[in-house]
Amino acid sequence: MFANLSDRLTSTFKGLRGKGRLTEADIDGTIREIRRALLDADVAVPVVRTFTGNIRERALGAEVSGALNPGEQVVKIVNEELISILGGESRPLRHAKTGPTVIMLAGLQGAGKTTLAGKLAHHLKGQGQTPLLVAADLQRPNAVNQLQVVGERAGVPVFAPEPGVTREGERQRGNPVKVAKKAMKEAEQRQHSVVIVDTAGRLGVDAELMKQAADIRKAVEPDEVLFVIDSMIGQDAVATATAFQEGVDFTGVVLTKLDGDTRGGAALSVREVTGRPILFASTGEKLDDFEVFHPDRMAGRILDMGDILTLIEQA
Amino acid sequence: GASLLAIFSKDSLSQDDWDELEETLLLADVGAAATDDILAGLRTRLRDEPDSDPRAILRAVLIETIDPALDRSLALGEPGGGAHEPIIVVGVNGVGKTTTVGKIARVLVAEGRTVVLGAADTFRAAAADQLETWGARVGVETVRSDRDGADPASVAFEAADRARAEGTDVLLIDTAGRLQNKAGLMDELGKIIRVVSKVAEPVEVLLVLDATTGQNGLAQARVFAEVANVTGIVLTKLDGTAKGGIVIAVQRELGVPVKLIGLGEGADDLAPFDTEQFVDGLLGAQA
Ligand SMILES: Nc1nc2c(ncn2[C@@H]2O[C@H](COP(=O)(O)OP(=O)(O)OP(=O)(O)O)[C@@H](O)[C@H]2O)c(=O)[nH]1
Ligand SMILES: Nc1nc2c(ncn2[C@@H]2O[C@H](COP(=O)(O)OP(=O)(O)OP(=O)(O)O)[C@@H](O)[C@H]2O)c(=O)[nH]1
Ligand SMILES: [Mg+2]
Ligand SMILES: [Mg+2]
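Those protein sequences? They're chains E and Z, same order as listed. Counting with my numbering, you get residues 14 to 328 for the letters of the first sequence. Counting with my numbering, you get residues 800 to 1086 for the letters of the second sequence.
Worth flagging that the hints you see were computed from the coordinates, not collected in a lab. Do not take every clue at face value.
[Claimed, not checked] Below, in silico cross-link-like pairs of lysine-lysine (BS3-like), each with a Cα-Cα straight-line distance of 27 Å or less:
| hint | chain 1 | residue 1 | chain 2 | residue 2 |
| --- | --- | --- | --- | --- |
| 1 | E | Lys110 | E | Lys299 |
| 2 | E | Lys194 | E | Lys110 |
| 3 | E | Lys138 | E | Lys191 |
| 4 | E | Lys299 | Z | Lys1058 |
| 5 | Z | Lys997 | E | Lys299 |
| 6 | E | Lys198 | E | Lys110 |
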């Protein structure tokens, strides 16, 4: 239904011929289309506003390169800016200097935490680590079993002293904070080099559960707290990311379900609003559907401007 | 909320007012295209009725768009009819399908219906266990395979067959999460529905949409409607800060009504969709 940005921009560009410096008139039409594309990609409204404001400033008076028309010149600036925001401060997983490296996962319900736990374990095991998965979601029905199955598939042991909610025990039992504490002892005794703590999904507005997450964080003193977020999320990305930043002070972000066809504007929103780096992308339901986050690919995806980018790169 | 009231108490709307209005709708995930249309509708109405309260008119335009007259009930026969009527629950990964199946079962049981659950998610780790736990919670049987990766259509057929043999009123089928751009998985869903239809035509195919979902929700609805003849939407996770505005575009384009909303992780956190409440939530107005 939406014409993609390339198509829309091509019509905006008609009549624009580049020489000298970009003028306000050159920029306005292009910025309007960029704004629309960002909104269609679910970039949060306040982020769109600051972003387009910055682009306007940077573009105004910028030198027009011979090979590009002014509209393309603006797109080039937008693309560079997107990549720099998405990729700024990108870094690999932090490891502990002594003792096990502890990674805690947190996020909304259904974001993909448990699946990611398995992927991380699998990935780190492949690097010669000896991970331990920890079942600290005692709330969602059969979350513990799910992690056990995931661990089995990854060939990684799962620490699950509490069964959580199951067919046999439909009421919630056990305390996730205690499980997390015990897991640290277990990991030391058995000399695991990495501990990955799966936690229950929770809403940003759920003060009680957010406190529980903060308590788990305190109990395990993680080297990384990864905020797991569904790439299909819309405007709520800002409220949710802010709530988790305040609640568990996450150190990095993982974007999930990027194998879908969403444009994934949340990546930009979360990055802008929290300043935390996006470390990984989850791209499927299987163990190895997992990769390091690529800012340039994400920029192209958000703006859906494949053709124009190719053109610009050739220029 | 307060800011919207302030806008509308003025006689005519300035460009800033319109911008703020646009922003309210965009922030609720209504989407740029639908927002343009809704604001155009508001403009026309304000021109025709210059003396009326713009706030009331925007609310009215939204309510009209969502259409309170649509039938939002589940198309089920009488309790005790024993017609083993299938309801199939579909959607992308993690939106709340299994939880919704459990919640609907709870409602149906409370209405005096007999229910069987069918675990046609044979793919995700412990998916059938999760459904079975929900079944135990609300006191109904679950038909499942003990094997990971069993053919989901076979499990669905077995469940339908059981429901027929036992004269159960309703068969609720949970399916695996699948992204709409995966053709193989969408074919698999088509097969599940065809196989169940051999036993009894599904009375409802409910598409579960997560309220936090942005514009991709429309793509989801389009493809699922094509493959699965969706009859209703369930909008989950409305207990958070997300407004779920994408369902406006979904309903407009597909004409499929939102029937139920999810308001939490508990068995009773399911409610009928109420147009006015939804619109008030969207506008951030005090209910
Ligand atoms: N297509 C796709 N599906 C994914 C991806 N990551 C997770 N999933 C699926 O998303 C659904 C939810 O994943 P979970 O790992 O259970 O999510 P969670 O965050 O642990 O959920 P809760 O514990 O209920 O909060 C499952 O169906 C997963 O298979 C991904 O990158 N791509
Ligand atoms: N807050 C809130 N959480 C919900 C709601 N509905 C479901 N959930 C939670 O969302 C997560 C995913 O729910 P599931 O029912 O497993 O979702 P699903 O669509 O079956 O997931 P897959 O089968 O993996 O695709 C779980 O943690 C549920 O408890 C809701 O209305 N509100
Ligand atoms: Mg989980
Ligand atoms: Mg499920």
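I'd like to know which numbered hints this structure contradicts. Please list them from smallest to largest.
The structure breaks hints 1, 4, 5; every other hint is satisfied.
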